[in-house]
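A.B. asks: The lines below spell out each chain.
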Amino acid sequence: MVNWGYTITRVRRVDIDSNDMSYSRKLLAEFPELQSCIACGSCTATCTAGNLTKFNVRKLQTLVRRGEYEGVRKELEKCMLCGKCRLVCPRGINIRGLVQKLKKELPVK
Amino acid sequence: MSKKVIIIGGGVAGMQAAVTLEELGIRSVIIEKEDGLGGKLRRWDRLFPTMTPAEEVLDELKDRVQRSGVEVMTSCEVSEIGCEGRMVTLKDGSSLESDAVVVASGFDLFPAELKEEYGYKIYDNVFTTVDLERMFRNGGVRTVDGRIPKTVAFLHCVGSRDEKVNQRHCSRVCCITGVKQAIEIKQEHPDTEVYSFYMDMRMFGPGYEELYRQAQQEFNIHFVRGRISEASQTIDHRIQIKAEDTLIGLPLKMTVDMLVLIVGMKAGESNLRWSRCQGVDLYPSSFVKPKNLFLGGVESDSKHIFYAGTVTAPKNIGESIDEGIAAAHRVAQRLKEE
Ligand SMILES: Cc1cc2nc3c(=O)[nH]c(=O)nc-3n(C[C@H](O)[C@H](O)[C@H](O)COP(=O)(O)OP(=O)(O)OC[C@H]3O[C@@H](n4cnc5c(N)ncnc54)[C@H](O)[C@@H]3O)c2cc1C
Ligand code: SF4
Ligand code: SF4
Ligand code: SF4
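So the protein lines, in turn, are chains R and E. Residue numbering for the first sequence follows numbering that gives the first Met the number 0, starting at 0 and increasing by one per position. Residue numbering for the second sequence follows numbering that gives the first Met the number 0, starting at 0 and increasing by one per position.
Only chain R is shown next, with the shape it has when bound in the complex (with noise of 0.2 Å):
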């Protein structure tokens, strides 16, 4: 086949009406605590990691509940547990704990 050079650009928008909403769904249900949620940045401004690499939790965890969750298991991978994020957490969301749990449920890619 001939190569033109050309690649179909992915839209990048979030598709909620094609997303795979299900583990959305089920990580939600089971931790209903993330739902309250105000979007502050409290943790990521605080977190170890965020301020070294281009981690940011907030973003990581909305991704997923947006039903986007590509490569988040991945980025999980820097989070260093060390639980600052849950000490200034307004809503007393256990954001680490959350961080554990996604490593444990997301598929790695």
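If you're looking for bench data, these hints aren't it; they were derived computationally from the structure. Where is the CB? At the ideal position from N, CA and C, for every residue including glycine. Take the hints with a grain of salt, since some may be wrong.
Taking CB as the label site, the calculated pair distances span [what the hints assert, rightly or not]:
(1) Lys252(E) with Gln99(R): 26 to 34 Å
(2) Ser284(E) with Gly96(R): 21 to 29 Å
(3) Gln186(E) with Arg11(R): 41 to 49 Å
(4) Pro189(E) with Lys102(R): 46 to 54 Å
Since the structure of chain R is already known, use the hints to place chain E with the ligands on it.
C.D. replies: Chain E with the ligands only, in chain R's frame:
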């Protein structure tokens, strides 16, 4: 014998309730624990959203109280409401009889030192919105060593919407207070850069959203969507803050001359004592729960206990004064029925 109503608390709500009762021909006595009337209003400089001098409102209310002949007892604290509103006990152990009680004991200011990560009372240049009102009254905003601050950061929701300090509610008036004070700093020092760290901007009252917009357009106040997670003091006594700029999705750090914590309204300390009285219930937030949010906002489940102002929830001054009027009318009707 003419009827007598005891008003607990001489803030704006209590003052107006007493005045209205007198207008309706019912004798009322205000019992206030501080040495003067006015409640929190005594501490404010200019009021949102119109920048009206606080004194203008306070003086008018004091005038009304004086003209109507309300009896005022200051430096006198109520410790208990007894017999379903037919009596109150004072801190000195004495008691007073009444035909009804209007509880207008207001709110408490959130003690910012509980949020240790922001360094209030630990670092020199961390203040609260209450401190700022004092500075405005006393000649202007200065750092601890008397300099004009070149950069100021405000932080919203300190002691509100925060599980960690057991304050889940939104204090409503603090967003607009922050906006008002940011503008006042710019009016005083046009070259100062002002940043506001917020999660949600809750502009619930008339003219509030307009003031917010003015803060953006006319005063170039920088609104950053993210909550400051911690503050630390630099060697030159400035404050370094960390937040996430959530709209970019990156951590942010900046150093400011002054950090202002926008403190919330906490349920009044007396509320727990009021709740020992039959018919007085509290919300989990410890604010007093009125009989019915739609149809009985100034009433309790007890026939002789009524509420006015911020004892039941965070409110602005206008709302609190209006509740004073509403409560007085409810009391008058109840006493007439009997
Ligand atoms: C920083 C800040 C700025 C604000 N600025 C504005 C503004 O610009 N415009 C505006 O509309 N609103 C403003 N508000 C809101 C305003 O302060 C309140 O709406 C108002 O004070 C409520 O009045 P109140 O009478 O309900 O309560 P309070 O002002 O709290 O008065 C209650 C009174 O009861 C007394 N009391 C309490 N317990 C007892 C007891 N056991 N025995 C005897 N007396 C007792 C207290 O000493 C107090 O005097 C601001 C609030 C804050 C936190
Ligand atoms: S600190 Fe808590 S509420 Fe804030 S963004 Fe993180 S998880 Fe959400
Ligand atoms: S536990 Fe992980 S996500 Fe939380 S602050 Fe520490 S490194 Fe960041
Ligand atoms: S009014 Fe604004 S600053 Fe105050 S608690 Fe509500 S959201 Fe936070």
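A.B. asks: Kindly indicate which numbered hints from before are broken by the structure, ordering the numbers from low to high.
C.D. replies: When the structure is compared with the hints, none of them turns out to be violated.
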